[in-house]
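With the hints as your guide, set chain B onto chain A.
Listed below are the residues making up each chain.
Number of protein chains: 2
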Amino acid sequence: MPQNKQFLLDNRPQGEAVASNFKLVTTETPALQEGEVLVRHHFLSLDPYMRGRMNDAKNYAAPQPLGQVMQGGTAGEVVESRSPKYQVGDKVIGMGGWQQYSVVNAEQRGVLNKVDTTRVPLSYYLGAVGMPGVTAWYGLTKIIEPKAGETLVVSAATGAVGSAFGALAKARGCRAVGIAGGPEKCKYAVDELGFDACLDYKQHKDAGSLSAALKEACPDGVDGYFENVGGMVMDAVMLRMNAFGRIAVCGMIAGYNGKPVPMSYPQLLLTNRIKLQGFIVSEHMEVWPEALKELSDLVASGKLRPRETIAQGIESAPEAFLGLLKGRNFGKQVVKLI
Amino acid sequence: MPQNKQFLLDNRPQGEAVASNFKLVTTETPALQEGEVLVRHHFLSLDPYMRGRMNDAKNYAAPQPLGQVMQGGTAGEVVESRSPKYQVGDKVIGMGGWQQYSVVNAEQRGVLNKVDTTRVPLSYYLGAVGMPGVTAWYGLTKIIEPKAGETLVVSAATGAVGSAFGALAKARGCRAVGIAGGPEKCKYAVDELGFDACLDYKQHKDAGSLSAALKEACPDGVDGYFENVGGMVMDAVMLRMNAFGRIAVCGMIAGYNGKPVPMSYPQLLLTNRIKLQGFIVSEHMEVWPEALKELSDLVASGKLRPRETIAQGIESAPEAFLGLLKGRNFGKQVVKLI
Chain A
1 MPQNKQFLLD NRPQGEAVAS NFKLVTTETP ALQEGEVLVR HHFLSLDPYM
51 RGRMNDAKNY AAPQPLGQVM QGGTAGEVVE SRSPKYQVGD KVIGMGGWQQ
101 YSVVNAEQRG VLNKVDTTRV PLSYYLGAVG MPGVTAWYGL TKIIEPKAGE
151 TLVVSAATGA VGSAFGALAK ARGCRAVGIA GGPEKCKYAV DELGFDACLD
201 YKQHKDAGSL SAALKEACPD GVDGYFENVG GMVMDAVMLR MNAFGRIAVC
251 GMIAGYNGKP VPMSYPQLLL TNRIKLQGFI VSEHMEVWPE ALKELSDLVA
301 SGKLRPRETI AQGIESAPEA FLGLLKGRNF GKQVVKLI
Chain B
1 MPQNKQFLLD NRPQGEAVAS NFKLVTTETP ALQEGEVLVR HHFLSLDPYM
51 RGRMNDAKNY AAPQPLGQVM QGGTAGEVVE SRSPKYQVGD KVIGMGGWQQ
101 YSVVNAEQRG VLNKVDTTRV PLSYYLGAVG MPGVTAWYGL TKIIEPKAGE
151 TLVVSAATGA VGSAFGALAK ARGCRAVGIA GGPEKCKYAV DELGFDACLD
201 YKQHKDAGSL SAALKEACPD GVDGYFENVG GMVMDAVMLR MNAFGRIAVC
251 GMIAGYNGKP VPMSYPQLLL TNRIKLQGFI VSEHMEVWPE ALKELSDLVA
301 SGKLRPRETI AQGIESAPEA FLGLLKGRNF GKQVVKLI
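Chains as they are written, first to last, in this note's numbering: chain A, 1 to 338; chain B, 1 to 338.
Chain A with its partners taken away, still in its complex shape (with noise of 0.2 Å):
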């Protein structure tokens, strides 16, 4: 039985997280009992959302469990068979978690689906044709459903959800524009992603500064807005929103590392009369198979064409993670274990 590093959530963050709140252990993969499969994971997913389950607090998914393997998406490969559903050599995502390998019931529906690596490249089944992606197809038809010729916004636009967010708003005929971090993710979001402009959040000091920067980028108002990071960002934006503007609420990771970031303009969620809209894609699978059609037809046809940022070896893992809540990645944030 191989060898299987792991990393467990050791204590919560007290603030903002800390590489010592992981803790690396190995053990010995268990011996498969019949229906169970053993899956070398190629591939982690880091995602935002984790930051929030490591706290002890009501939030949308129950806590991360202290002293158990940290939770998350895997794309990886069958390696060893009780299953006949499944043979060795399958490519497969799950929610392996922070580790090398996962024995997974095979009787279990839902918990490992077969991907077809011919089209798409394994590491996107984690990102633009993954949760992520399905995320961004959600907000966008399901809460902001857009009309042609509006104007769209979206924050954290080179991330996983945010290009993905793009490619789909380009492709129901609607003005894209992307909010990002840095020149160059403004840059590779106009240049490789489809936006229409991208405006550096960086270069304003405050919501006014920016939100003038973005009354030239979106001369026309701003008609949905899909939320990723909160804050000043968040206020910005909603100075632009037009009437009967649509807010889909994915995440506020200006929040995530300590206090909670205030609202600055309430009062216009009345007088532009917006609906915003919290959600989290786990609870709408209804919507799954669709969107990961049209995202993968998207990333085939070239018209999705997501970055990533690849950490090597499953040590780097809490390292990667930290950077993601600051922004330091550029693209869907992976570690590559093999």
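Derived by calculation from the structure, the hints in this document are not laboratory data.
Be a bit skeptical, because a hint or two may be false.
Note that the list lumps identical chains together, so a pair holds whenever it fits in one copy or between two copies.
[As the list claims (entries may be wrong)] Below, simulated DSS-like cross-link-like pairs (lysine-lysine); rule was C-alpha separation at most 27 Å, straight line:
(1) Lys215 - Lys259
(2) Lys293 - Lys147
(3) Lys336 - Lys91
(4) Lys202 - Lys187
Quick look at chain B alone, frame taken from chain A:
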């Protein structure tokens, strides 16, 4: 022709609204043209939305023009008619403004509506069976969409909108919890308006304290919230919202008279997957007949017993309005003109 005392908006508020923003003038009512009627106003409605229109800012309605009669709802009687549609003595509701008389073109649809004062007192058509009542109805049925057994909270519970909300919520089998300012208002909400509980926000110095009191009044959490005030009260309720809660934003009076009041915990919109929607009832005229029918039935059957604060004489309008913005009214604020 009778003399007509009118209040004009003389200048716009700098921060807090003050009496000198208004100017009293006396004019002659003009001779009627064919198709016109002269209405003598018995009651003038004072409503928080008027404060927003005093600013020269982007708002949900065009700003109140300077030098013109303050706009507002009126209940009165036709005293002269050159229209076959109205007879002298007809009781009518319209948007006559802050003045004693108005001349109305009776050919325009919807500007003047005859009302039945045998079941419902005339002034109630400015409150429970008028715009504020329909406002409560719309937010409740179209945004909060309550199920029997759910817990619903409304701020400014003894105001015109809040009282109607309480009766409508009880009629749908919900637990109705009010928030109001002062023990007298809270007692009235429970004893006369049918609320299951009412909390006095003035007893609480911050959102945490009010939120703790709400926990007792709402042991199963809050499923729907009708927002009239914003600020600390909104923060406190948001801390108690259940997953998939709905917030109808009708007013944020806390921020009307000066600086915007922030929302402290916007991340709760995400973690609790809340839907929040701002609205203005005049954009949803299609619901008025159905809403007014239910509201007048509730009044006629004694299930909705709205309270009024009645200021006497047109001259009292500015002070009564400024008092309304500070919560000095108790129930619907009207000015009796005769």
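Need the list of violated hint numbers for this structure, in ascending order.
none
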